[in-house]
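Quick mapping for you: the protein sequence lines, in order, are chains A and B.
Sequential numbering of the first sequence, starting at 469, is according to this note's numbering.
Sequential numbering of the second sequence, starting at 2, is according to this note's numbering.
It should be emphasised that the hints constitute simulated quantities derived from the structure, not laboratory data.
The structure displayed is predicted, hence computed values, not measured ones.
One thing to keep in mind: the hints can contain errors.
Stated by the list, open to error - Pairwise CB distance ranges, derived in the manner of DEER restraints:
(1) A/I585 with B/V30: 26 to 36 Å
(2) A/K538 with B/F83: 31 to 41 Å
(3) A/H473 with B/R74: 32 to 42 Å
(4) B/C22 with A/H473: 32 to 42 Å
(5) A/L653 with B/G78: 17 to 27 Å
(6) A/A614 with B/V30: 19 to 29 Å
(7) B/C22 with A/L488: 25 to 35 Å
(8) B/R77 with A/G610: 40 to 50 Å
(9) A/I479 with B/P140: 29 to 39 Å
(10) A/L653 with B/V70: 26 to 36 Å
(11) A/K533 with B/D108: 16 to 26 Å
(12) A/I479 with B/L25: 53 to 63 Å
(13) B/S31 with A/I536: 46 to 56 Å
Yeah, the Cβ is synthetic: ideal placement off N, Cα and C, and Gly gets one too.
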Amino acid sequence: MNISHKAFSCILCTIITIILGWLFLFPLRKLPFLGKYSIILGKNPLTHVMMIITVFLYLYIYIIKPEIAKRSTLKSLSKIKDLFIYIVAALFISGATINLLPSKVLIDLLGREAGVIAVLAGVAFGSILPACPFISYPIIAGFYAAGVGFPGVMGMLFGSGLCYPCYITCDLTFFDHRILILRVLLTFASALVAGFLLYLAGIITGV
Amino acid sequence: MRAKFQVAFIGKITVLIFAFCLYLTTFTVSPALTWKCVTISLKEMKKLLIPFIVALFLGTLVKNLITPVLISRFLRGMKGIFSAAVIGSILPPCPFIAYPVIKGINDGGAPLYVTMIMLITATTVEIGQIFCGLIIFGPKIVGIRISFAFLSSLIISLIYSSAIRWR
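All chains should be built: construct the whole structure from the sequences, respecting the hints.
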């Protein structure tokens, strides 16, 4: 396959992807029925962009290397069949945890803490909040409005979802318990370092 | 290989058993609460099912496209640490969507420390949260969160990859 054929395929796939992207992302938002696509595709535009990129990649790879596209499609279908039941279980755990979260208790505890302890407490509490920002951010904003200090709020943002069942179940489903333990340790360390750096920056700048 | 498969299978079964026990416990305590949990879970499933399937397709394609040459060029050494951090940061902020892609890169032959760096940044940086963050908190807090989270993830990634190579 020569370069001009690859370039033509790339241009053709880009045009198709842009048309599909335009159809999904912009005009349909205002239409009464089709504008509700976020109910089945999620609200995050980055997810929509990822889906469009996937469509583009498969179209492009199917033209220039059809055997890879076919192999990927078959392998994906087989993976969906293997993983489906575990992902359904993980989503049920996630839904249950949203309801079982003791928000009022967390507000009381975090509101009393200040300084470095607030960062630690914020990261710890943030880690059990839902991973989805459209659920956790309003909760954190509620804590902020209820009187939790800035270090605590930033700690919650840095630690948001680290130990939420979604992540734990995905660690176990796609990898194993060793990766889970390592990931939790390293992400906690990362969130704590971010919180402390911010706290130090706040002390230095006087904000 | 067989032992690795068994360990992964035990992890998956744990998820199933935990879900069953959790719902059994909440049903015993409060059937109304259980129904509320089921309703929310079904709403989440409706929202995430298609993106999850698309993410699996993307992850499998990435795994088949990645070659050892590509990995040694972009995903090894210092360049690899930074590339992995960027890849993890730009993935959608949902583990059901990010993990299939990271798994695809891992299965394609990326070293373990690169996979861990992607997992760290996918969990802590999550640039995709910018859309929700801008609406709720505003650009200042979102900017502070992303920049400090990326910086700290890079620091931890450097320490971890140095520790791996030192061993």
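Right, here's what the structure says about each hint:
Between A/I585 and B/V30 the CB atoms are about 33 Å apart, so this pair conforms to the stated range of 26 to 36 Å. Separated by about 34 Å at the C-beta atoms, A/K538 and B/F83 satisfy the suggested range of 31 to 41 Å. Distance hint check: the CB atoms of A/H473 and B/R74 are about 25 Å apart, inconsistent with the given range 32 to 42 Å. Against the hinted window of 32 to 42 Å, the Cβ-Cβ separation of B/C22 and A/H473 comes to about 56 Å, which falls outside the hint.
Checked against the hint of 17 to 27 Å, the pair A/L653 and B/G78 passes, with Cβ atoms roughly 24 Å apart. A beta carbon spacing of about 27 Å between A/A614 and B/V30 agrees with the range 19 to 29 Å that was offered as a hint. Restraint check, B/C22 to A/L488: a C-beta distance of roughly 43 Å breaks the suggested window 25 to 35 Å. The hinted range of 40 to 50 Å is satisfied by B/R77 and A/G610, whose Cβ atoms lie roughly 44 Å apart.
Evaluation of the 29 to 39 Å hint for A/I479 and B/P140 yields a pass: the beta carbon distance comes to about 36 Å. Separation of A/L653 from B/V70 is about 33 Å and conforms to the stated range, judged on CB atoms against 26 to 36 Å. For the pair A/K533 and B/D108, the beta carbons lie near 18 Å from each other, so the given range of 16 to 26 Å is met. Taken as a hint, the range 53 to 63 Å holds for the pair A/I479 and B/L25, whose Cβ atoms sit roughly 56 Å apart.
In this structure, B/S31 and A/I536 meet the distance hint of 46 to 56 Å, their C-beta atoms being roughly 51 Å apart.
Violation of the numbered hints given earlier is confined to hints 3, 4 and 7; the remaining hints are satisfied by the structure.
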